[in-house]
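Line by line, the protein sequences give chains A and B. Quick note on numbering: the first sequence equals residues 1 to 352 in this note's numbering. Quick note on numbering: the second sequence equals residues 1 to 292 in this note's numbering.
These are calculated hints, taken from the structure and not from any lab test. Just to be clear, a hint being listed does not mean it is correct.
Below are the PhoX-like pairs computed for lysine-lysine, each with C-alpha atoms no more than 25 Å apart in a straight line [said to hold, decoys possible]:
hint, chain 1, residue 1, chain 2, residue 2
1, A, Lys128, A, Lys342
2, A, Lys15, A, Lys195
3, B, Lys286, A, Lys128
4, B, Lys159, B, Lys286
5, A, Lys128, B, Lys30
6, B, Lys159, B, Lys30
Chain A regions said to be covered by chain B (calculated; three or more residues, Cβ under 8 Å) [said to hold, decoys possible]:
hint, stretch
7, 17 to 30
8, 117 to 127
9, 212 to 221
10, 283 to 291
Here are some chain A residues the structure puts well away from chain B; computed CB gaps all over 10 Å [to be verified]:
hint, residue
11, Leu177
12, Ser298
13, Pro307
14, Phe350
We put the CB at the ideal spot given by N, CA and C, even for glycine.
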Amino acid sequence: MLYRECGNFKDNYAKDMAIFPIPLDRWGLGIMLVFAFLVIPFTASDYWLSSIMIPFYCFSLAALGLNFLTGYAGQVSLGHAAFMAVGAYSSLILYGRYGIPLVPSILGGGIVSAIVGSIFGIPSLRIKGFYLAVSTLAAQFIIEWVLTHWKWVSGGVFGTIDVPNLYIFGALLDTPLKKYYLVLCIVALMITFGKNLVRGQLGRNWMAIRDMDVAAEIIGVSLFRYKLIAFAVSSFYAGVAGALITITYYGAANIEEFNLFLSFHLLGMIIIGGMGTILGSFLGAGFMVLLPIFINQSMLTFMERVPSNLRANSEAIVFGGLIVFFLIVEPYGMARLWHTIKEKMRLWPFPY
Amino acid sequence: MNFFFEVLITGLLVGIMYSLVALGFALIYKASDVFNFAQGDMSLLAGLALVGFLTIMPLWLALVCTIAVMTLLAYATVFIIFRPLVARPPLILFMAAIGLAFLVQGIGQSIWGTDAKGLNIGIPDNPIILGELFLSSFDLIFGVVAAALVGGLVLFFQKTRTGRALRAVADDHEAALSVGIPLLNAWAVTWVIAGIVATVAGIAWGSRLGVQFSLSLIALKALPVLILGGIDSIPGAILAGLVVGAGENLAEVFIGPYVGGGIQTFFPYLMALLFLWFRPYGMFGKEIIDRV
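Only chain A is shown next, with the shape it has when bound in the complex (with noise of 0.2 Å):
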């Protein structure tokens, strides 16, 4: 009874055709979205918002980035943080190279990873299943050496780019929350974006090619576009994410941020978030950004009684031993448990 479904009478197509049709999924967002504007900033300290909310928001696009291509359209990639990278590289050469405007720089960082990823993407139309997941890690590869190889790209050997001072409308961009709200600006424009894209057409044909291609073929889904259009789409939102985290967190692109680890970890992301699901996108990223940070307290509380090893290796052991325990008992992740809890309110107080 605390969740109610009903009563919601669909007189008009525009109803029929809403992004949220239920009015608790509103009240609830909205909710949620006066939270992240109004009350995160002004109670949260700069540490918490610094360190904690926005690599948060930026990984929780990355994440969603790669569930568009491995939760919605079913193609397995083990190279996206160096999507991130390419447009993390992208948007501070554009910005402090051609003295492009702020943000126009992120998108472009974007649009330059989409490009790139397509290119990596070619040989998914040949290519299927554990073949393509290890043809990715090419894209890992070949990305991190021209990234470290050509001068023209990172001016050094180190492959590091610094970030300049930042203005955005004429505005200079110091604070940790001015900072705050571009990243939760960008951020939710664009998972709007994402949660239409996934509810229209090019979301259902790359459903359908996720569940069975040869039968989505067969039914007239042009394999070719649509899972280019993935690695696009998917690499866009990596390399927005990875240009967000450079300038308003890492503070230098340096390809050592974005290595093989960091595309494991997303991928853990949406394991223990949950594959295809936007939500999942935003659980995952959340645990996987307060879980080092939790494991780091604890071992701090027992810090006399745990040998050294073994604090240096917890964090290692704690997130595999997290992806066997999801993937054994809720292979549908963390947002599976939010719809479990909605089934339990929809009767509740009632057993049935």
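Got chain A sorted already, so can you dock chain B onto it with the hints?
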């Protein structure tokens, strides 16, 4: 020309070691459809365990103990992780293997430490002069060991009762179950064999590079070998290992200087990608035919 052959043969010998790692992948994939991403971490674990045991016991006992550890790992993996996941889609099994990789690496390093350790089991590393070619005796000895291991595996799979059961499981899970082969035990045995292969690879690579975290990254070297040869093919893994080893060494020496070097990290992937474009299932991989 001599230089060319030297580079080629060194590459081939390195390639054998890639084959060893790829072989572990292929064995497990064939038997249980698990794309075992933890193969490199298993090598790391074996190396760490061996170094750890060597400090308190002689070599032969340390080897026995290491293989006991790998056996324990194999049974734990199959019965704790993969038994609840039977009949799940391959992608889920793959992700479970990624989780396993983190677990194995974390647990191994928690027990035996994260610092780099030397591993010396008394194999000489001298240059051998063969005609006009300079080769490393260490590489040669490991080439022979690897060849012997592969020969032993072939005999095991073709001639013994267990080997035949394992091949039956690889062919068709349900048919194997219906004639009374215990599926989980067969998987566990396969994982033990993969563990032994990982141990040999761990010793070979550990003696060259030292036993440390980066040892687990040899899995990344073996992956292009694996897809080039075909994921479920043992001869494919061996042949592709040689091709990749020779190819990347030649490319690094003869093409590398023109583009700034360091192309060894991705050249095998390029080779595999190009080849797969024409044969999407590698050299000897089983072609999957989709039906609607």
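Verification of the supplied hints:
1. Restraint check for Lys128 of chain A and Lys342 of chain A: the C-alpha separation of about 36 Å exceeds 25 Å, so the hint is violated.
2. In summary, the hint linking Lys15 of chain A to Lys195 of chain A is supported, as the alpha carbons are separated by about 17 Å, within the 25 Å threshold.
3. Annotation: proposed proximity of Lys286 of chain B to Lys128 of chain A holds, straight-line Cα distance about 13 Å (limit 25 Å).
4. Between Lys159 of chain B and Lys286 of chain B the CA atoms are separated by roughly 23 Å; this keeps the pair inside 25 Å, and the hint holds.
5. Pair hint Lys128 of chain A plus Lys30 of chain B holds up; C-alpha atoms about 17 Å apart against a cutoff of 25 Å.
6. For the proposed pair Lys159 of chain B and Lys30 of chain B, the alpha carbon gap of about 18 Å is at most 25 Å, so the pair holds.
7. Closer than 8 Å: that is the beta-carbon criterion, and the stretch 17 to 30 of chain A has 0 residues meeting it against chain B, so the requirement of 3 is violated.
8. For the stretch 117 to 127 of chain A, the stated coverage by chain B is satisfied: 3 residues place a CB nearer than 8 Å to a CB of that chain, which reaches the threshold of 3.
9. Counting residues of the stretch 212 to 221 of chain A whose C-beta lies closer than 8 Å to any C-beta of chain B gives 5; at least three are required, and the coverage claim holds.
10. A stretch counts as covered by a chain when three or more of its residues have a beta carbon under 8 Å from one of that chain; for the stretch 283 to 291 of chain A and chain B the count is 0, and the coverage is violated.
11. The claim that Leu177 of chain A is not at the interface with chain B holds, since no C-beta of that chain comes within 10 Å of its own (minimum 36 Å).
12. For Ser298 of chain A, the shortest C-beta to C-beta distance to chain B comes to about 16 Å, beyond the 10 Å cut-off, and the non-interface label holds.
13. Remark: the non-interface label on Pro307 of chain A conflicts with the geometry, its nearest Cβ contact in chain B lying 8 Å away (cut-off 10 Å).
14. Distance check on Phe350 of chain A: its Cβ is at least 33 Å (rounded) from any Cβ of chain B, clearing the 10 Å threshold; non-interface status holds.
Violated hints, in rising order: 1, 7, 10, 13; the structure is consistent with all others.
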